[in-house]
Structures are given as structure tokens and as C-alpha cells.
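*Asks:* Protein chains in written order, with the working numbering: chain Y, 1 to 77; chain X, 1001 to 1073; chain F, 2001 to 2259.
Hints listed in this document are in silico derivations from the structure and should not be mistaken for laboratory results. Treat the hints with caution; some may be incorrect.
To give a feel for the contact side, a few chain F residues facing chain X, derived at Cβ under 8 Å [unchecked claim]:
id, residue
1, M2150
2, I2153
3, I2157
4, M2161
5, L2164
6, P2167
7, N2176
8, R2177
9, T2180
10, V2245
11, N2249
Cross-link-like lysine-lysine pairs, in silico, DSSO-like; alpha carbons within 27 Å at most [what the hints assert, rightly or not]:
id, chain 1, residue 1, chain 2, residue 2
12, F, K2056, X, K1069
13, F, K2032, X, K1069
14, F, K2141, X, K1069
None of these values were measured; they are calculated from a predicted model. Cβ atoms here follow ideal geometry from the backbone N, Cα and C, with glycine treated the same way.
As a plain string of letters, each chain reads:
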Amino acid sequence: MSVLAEISGNINSIGYGLAAIGPGIGVAIVFASYIQSSARQPESAGFNRTWLVLGFALVEALALFGLVLAFALPSGS
Amino acid sequence: MADDLHPRKPDEPSSEGVAGAVVGYLLAGIVVWGFLGWLAERWFGLPEGIGIATGMMVGAAGAIYLIMKRLGT
Amino acid sequence: MSGQVLVAAGLPWPPAVGDFFPPNVAGPWVTKFTIMVWLAVALLIVFFAVSYRSPKLVPSRMQWVADSIYGLMRDSVAREQMGEVGVRFAPYLTVLFSFIVLTNLFGIVPLLQISPNSHIAYPIVLAAVTYVLYLSIGVRKHGFFKYMKMSLILPGIPWPMHILVVPIEFLQNFINRPVTLAVRLFANMFAGHLILLVFTVGGFVLLASDNIFIQATSFFSFVMAILMAFFEVLVALLQAYVFVVLTANYMGTALADEH
């Protein structure tokens, strides 16, 4: 069986691309809800800031796992 | 306007500072403890991949703890 | 199939890192980038000197532009990030912002079409200046050991957590900050130039094929190249602003008092 077409390169980048979809949507949801709640009730903005930072950190951690593993794992195309 | 509608507390960190700090602490925690976990894996001869995975989890947990202590109220 | 089209058209496809190194102008020391940086410095000196030659209370147009840039940096960047002591640094932030905007915009000016910031050396120098600046400010205000203690050790946590947390703090404060500052600017400029190369040269590659339908899609490639050039303007301004704001923020945290 002969090879008709070949894709070469590092498969880690495909893994990172797939891993960045979820956290991208997640961070957008977190910030969107903070903006909406601050618009509905501005006095709660200071109180909600703690939860904003915590939510952003938790969601972003997953994206950064993907980034670090894309460089740290050995490449085998 | 006579009164400031959203008075900022004088010591509150600015939003760009918070965002940069969060990403920076997370990246630093994952990289440092992932690297230490990988070293431990080579030193003790653990199965492939466990050291770096636990190292990254511990590092991420430590980084989130640090973020909440520094930037939360 | 793309290889056969390449041989027919003689175009540099696919774009590679070698495309970022234009031929030298005079020996290995004067390249296109050297001339571009000299040009940016000359433009800045001429602009600010001419607009402040005889400043009036009711400003002329060029003086108004220079005043607006300086006012933006002093009020919304220096005062907000560093407090009142930050006004001392507002001139440096203004010049830094103008220089980065000018060198970023060279990426879409015709004849110059590449930004010096897409070579990692130039952002490294700018970030190194910031690094030395905020460390020396912190050490001069607090003393060396007190500054280290302030930035590495967090009060009010149980002592076993310190073993977990101090390496993270060290990496974040002393290695992550300058490195991400340089790499953020470099990566944005590099990626922007690469996108423009892909769409423009790819348009010509599609135009050189035999099939009429493939030649029709080259129109969309050129339209995308034009849209991406407009997007480059936005990215250039935004990246310069983010660089300056983070510089001011790092200096502000070095100057901050203890909790």
C-alpha cells in the first residue's frame, strides 16, 4: 500500500489547540457573569471580585496545563 | 458629579495587575512543581508520567492558594 | 501539489523563518532593522522637539497631540498604577509607549513591511530595562533583604505551605515577569507578520495555478490580507499599551508598602 499523502509535524500542537477550546469559553462565561452582575447591582462589585479572581484562576489553570504539556512532552509526530 | 459613584479603595490592585499576576503565578507554579516532579520521577524510578502529573497538580494548587491569599479579601 | 506550483511561480512558499531576515544593507552591522530603529528614534525626537518648541496655553494641533499622549500616560497609567510618586516616571512611559507603537506600526508601512519587534532581541532589551528598573527601585526604597522578604514571603500562612509557595513566588517575581513581557510583544509581532505573509504570498500562489476556480479563491486571500492589515493596527496599539501598563504595575508593586 503506497502512501498517498502525509502530514508531518508535532502532534503536541494539535493537543494544545483542542485543550484551549474549553478554557476559552469558560473564562468568557466567568467574566460575562461578573460584568452582568456588576451592571445589575453595582454595590456587589467589590464583594464579587474575590469570586471573579478564584474562577478565573481555576479555569485558566487547565489552559496552562495544556500549554506546558505541549512543550514538555517528547514529540513523536 | 459631586460624588464618585464607584469609589475605589486606595489599596485595591488594578485590573491589569490582577490578570497579569494570576496568569504569572499559575504558570510559575505549574512549571516549577512539574519540573520538580519530573526530577523526582527520574530519581526514584517511578512509572512513566506520574511524577510530572502530580507535580503539576500540586503546583497548580499551590499557585491558586497563593493567588487567593495575595489578591482576595 | 503545492510543490509543483512553487516551482512554476518561483514564490517563497510556505513562509519560513528565513523570510524574517532581509539581506544586509552594509556589512553585518547595518541591516534593515538598524535603519528602522534609527528612523523611529529620529521621528520621535523631531516630533516631540517641534511640538514643544514654543508651548502656548492654548495648544496648537501638534502640541495637543503630544499633550494627549503624555496626559494619557500620566493620568491613566502612572497615577493609577503607582500613585502620586509615579508622575516622576511618566516621561519614560510616554517615550516607551511611542517607541513601541512606532516600531509595531512599521509592520504595515509600505517599503518597510516588517516590525523590528519580530526579532526577539528588541523586546528583550526593552524588557531588560524594565526589569533592572523595577528591581533597583524596590531595592533602593526598601533595602535589599527587606525587599526580598517582602516579595518572597507571604505573611499569615502556616509554615508548611511556605515550602510550597516560595519557589512559585521566586519564579513569578524574578523570572516570569521580564520573560513574559518580552515574549508577549515578540510573539504578537511575529505571528502578525507571518499571517500577512501567508495571505499575501498564498494569494499569488493561488493566482499562479491553472484552474480558474482556484484562481478565483485568490481574491478572498487578498481580501483577508487587507483585513489582517487593519487588525495589525489594533494589535500594535494594544500590545504597546499592555507593555507600558505592566511596566508601570511592576514598578508600583515594587514601591508599595507592606500590608
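*Asks:* For each hint given before, does the structure comply? Return the numbers of the non-compliant ones in rising order.
*Replies:* 1, 2, 12 and 13
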